[in-house]
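Chemist: Take a look at the letters that make up each chain.
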Amino acid sequence: NAGVTQTPKFRILKIGQSMTLQCTQDMNHNYMYWYRQDPGMGLKLIYYSVGAGITDKGEVPNGYNVSRSTTEDFPLRLELAAPSQTSVYFCASSKLEEQYFGPGTRLTVT
Amino acid sequence: KNQVEQSPQSLIILEGKNCTLQCNYTVSPFSNLRWYKQDTGRGPVSLTIMTFSENTKSNGRYTATLDADTKQSSLHITASQLSDSASYICVVSPDYGGSQGNLIFGKGTKLSVKP
Chain A
128 NAGVTQTPKF RILKIGQSMT LQCTQDMNHN YMYWYRQDPG MGLKLIYYSV
178 GAGITDKGEV PNGYNVSRST TEDFPLRLEL AAPSQTSVYF CASSKLEEQY
228 FGPGTRLTVT
Chain B
12 KNQVEQSPQS LIILEGKNCT LQCNYTVSPF SNLRWYKQDT GRGPVSLTIM
62 TFSENTKSNG RYTATLDADT KQSSLHITAS QLSDSASYIC VVSPDYGGSQ
112 GNLIFGKGTK LSVKP
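Taken in order, these protein sequences are the chains called A and B.
Here the first sequence stands for residues 128 to 237, where the numbers follow our numbering.
Here the second sequence stands for residues 12 to 126, where the numbers follow our numbering.
Keep in mind the hints are simulated off the structure, nothing from the lab.
All of these numbers come straight from a predicted model, not from anything done at the bench.
Just so you know, not all the hints are guaranteed correct.
What the hints assert, rightly or not - Here are the simulated PhoX-like pairs of lysine-lysine, each with C-alpha atoms no more than 20 Å apart in a straight line:
#	chain 1	residue 1	chain 2	residue 2
1	B	Lys28	B	Lys125
2	B	Lys12	B	Lys118
3	B	Lys118	B	Lys82
4	B	Lys118	A	Lys171
5	B	Lys12	A	Lys171
6	B	Lys68	B	Lys12
7	B	Lys28	B	Lys121
8	A	Lys171	B	Lys121
9	B	Lys68	B	Lys82
With the sequences and hints as input, model every part of the structure.
Modeler: In structure tokens form, the structure reads like this:
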């Protein structure tokens, strides 16, 4: 099993550009999550999904969108990138209590 | 307000020594408390998960303790190794099962193990 995979690993965006962060898991987990981690801060939940076709907002959803068309994939969309979205983004999945995290995407918006 | 506070913010120890990291929380209701290890540039990896009825749980050289009455937890690392250098994150869940969409993350303790 590859676990949770994320692409790209790094990305630099200009203000106003759009991009999609990809996340795929091969563990057949129902629950998937997107977090952002800012320097010196705890992880903040952006969006999560309890299954295909079902998504819900987390603590910091503004400026992001998600979709969940399959169990495996949970992409995160940034429509109009802003400097405040410079962060490291982690995707995670879980079946029960334990969450499994991907390696992260480091995004810089300039 | 639900909060998870960790101390110290950072810690430097010599290889082979023991250390203890602290976590205080003000989360209610309480379902479980987790400790994660995050290596630089990587995603967090679970070390232990404890429910309110568990006082201690071990994972190799890592031992977590929980006092649900005082809302405190600690992570003890025995005979530290260079590979223990990482951030250790305390996470509290107020939800029983389900989506785990309300986890409260601490800011982490950055541990450096020197030879």
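Chemist: All hints, please: hold or fail.
Modeler: For each hint, the structure was consulted:
1. The straight-line distance between the Cα atoms of Lys28 of chain B and Lys125 of chain B is roughly 10 Å, inside the 20 Å bound, and the hint therefore holds.
2. Simply put, Lys12 of chain B and Lys118 of chain B have alpha-carbon atoms about 16 Å apart, close enough for the 20 Å limit, and the pair holds.
3. Note on Lys118 of chain B and Lys82 of chain B: the hinted pairing holds, with a Cα-Cα distance of about 17 Å set against a maximum of 20 Å.
4. The straight-line distance between the Cα atoms of Lys118 of chain B and Lys171 of chain A is roughly 10 Å, inside the 20 Å bound, and the hint therefore holds.
5. Distance hint between Lys12 of chain B and Lys171 of chain A is fulfilled; the C-alpha atoms sit about 15 Å from each other, no more than 20 Å.
6. Taking the CA atoms of Lys68 of chain B and Lys12 of chain B, the gap is near 27 Å; set against the 20 Å cutoff, the hint is violated.
7. For the hint pairing Lys28 of chain B with Lys121 of chain B, the CA-to-CA distance comes to about 16 Å; that is within 20 Å, so the pair holds.
8. A distance of roughly 18 Å separates the Cα atoms of Lys171 of chain A and Lys121 of chain B; the hinted pair therefore holds under the 20 Å criterion.
9. For the hint linking Lys68 of chain B to Lys82 of chain B, the alpha-carbon distance of about 16 Å falls within 20 Å, and the restraint holds.
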